[in-house]
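Asker: Chain by chain, the residues:
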Amino acid sequence: EAGVAQSPRYKIIEKRQSVAFWCNPISGHATLYWYQQILGQGPKLLIQFQNNGVVDDSQLPKDRFSAERLKGVDSTLKIQPAKLEDSAVYLCASSPIRGGSPLHFGNGTRLTVT
Amino acid sequence: AQSVTQPDIHITVSEGASLELRCNYSYGATPYLFWYVQSPGQGLQLLLKYFSGDTLVQGIKGFEAEFKRSQSSFNLRKPSVHWSDAAEYFCAVGPNYGGSQGNLIFGKGTKLSVKP
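Protein sequences, first through last, are from chains A and B. In the working numbering, each number is its position in the first sequence, counted from 1, plus 17. In the working numbering, each number is its position in the second sequence, counted from 1, plus 5.
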């Protein structure tokens with residue numbers, strides 16, 4: 018099966034600019050996650066979707082981050098305006114709904130904010 | 006508070022030697038437990054998981070992990086390390102309920118280097 022696809026792989030922007038990341042999950046996976054992985058740390062959940070509804074966005078900085086999953090398939094994560102501390106790898110993951118299913122991760126988008 | 010601690014930031018072992026990576030967790034209930042591996046520039050790949058039952062779980066690439074409830078630990082082991090095992094390893098915990106997996110909490114990772 019095809020894996021989780023993310024684009025772009027790398028992005029460099031200046032602070033206060035905006036940026037968007039795209040994710041296409043594994044076909045049939047109802048649950049989609051965006052994680053932020055800062056250098057030297059483990060991934061931290063930003064937002065979880067089930068189909069096209071938000072399950073958990075408690076750790077999403079909503080003043081600057083937004084995410085959507087139209088039609089319950091692809092998802093876009095946006096940052097506007099970006100700050101230096103947003104430099105990180107943004108990982109998208111997907112899983113089936115059934116309990117205990119492992120997450121399948123994409124290769125991530127490495128964002129550098131200068 | 007829910008947390009995962011991986012006490013070793015960086016470990017170096019010789020090829021062919023045994024390996025143990027430590028993981029301790031703090032969680033309000035019996036969690037799901039996972040080990041993921043991340044190679045440079047790649048996403049995370051699941052090595053193994055523990056949900057219930059036998060506390061010694063086998064994973065891919067010859068890895069195993071043992072859940073010790075009394076010690077709140079889930080250490081990863083491999084009897085003989087290969088050079089291709091050099092990567093970063095993450096322990097994670099998640100809620101143990103019947104629905105979707107929910108929020109995984111990751112440790113900070115242990116970077117494994119393998120010397121010839």
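Don't read these hints as lab results, they were simulated from the structure. None of the values given here were measured: they were computed from a predicted structure. Heads up, some of the hints might be wrong.
To be verified - With beta-carbon atoms standing in for the labels, derived distance ranges:
(1) B:73 / A:129: 37 to 43 Å
(2) B:67 / A:83: 38 to 44 Å
(3) A:118 / B:77: 39 to 45 Å
(4) B:10 / A:101: 24 to 30 Å
(5) A:58 / B:50: 17 to 23 Å
(6) B:34 / A:71: 45 to 51 Å
(7) B:47 / A:114: 42 to 48 Å
(8) B:33 / A:113: 22 to 28 Å
(9) B:85 / A:55: 29 to 35 Å
(10) A:34 / B:84: 47 to 53 Å
All C-beta atoms in this analysis are idealised placements derived from N, C-alpha and C, irrespective of residue type, glycine included.
Asker: Each of the hints needs a verdict: does it hold here or not?
Answerer: Here is what the structure says about each hint:
With their beta carbons about 41 Å apart, residue 73 of chain B and residue 129 of chain A fall inside the hinted range of 37 to 43 Å. The given range of 38 to 44 Å is respected by residue 67 of chain B and residue 83 of chain A, whose C-beta atoms sit roughly 43 Å from each other. With their beta carbons about 24 Å apart, residue 118 of chain A and residue 77 of chain B fall outside the hinted range of 39 to 45 Å. For the pair residue 10 of chain B and residue 101 of chain A, the beta carbons lie near 28 Å from each other, so the given range of 24 to 30 Å is met.
One distance hint, 17 to 23 Å for the beta-carbon pair residue 58 of chain A and residue 50 of chain B, holds here, with the actual separation near 18 Å. Restraint check, residue 34 of chain B to residue 71 of chain A: a C-beta distance of roughly 24 Å breaks the suggested window 45 to 51 Å. Between residue 47 of chain B and residue 114 of chain A the beta carbons are some 26 Å apart, a value that contradicts the proposed interval 42 to 48 Å. Taking 22 to 28 Å as the suggested C-beta distance range, the pair residue 33 of chain B and residue 113 of chain A conforms, at roughly 25 Å.
For the pair residue 85 of chain B and residue 55 of chain A, the supplied restraint of 29 to 35 Å holds, since their beta-carbon distance comes to about 33 Å. In this structure, residue 34 of chain A and residue 84 of chain B meet the distance hint of 47 to 53 Å, their C-beta atoms being roughly 50 Å apart.
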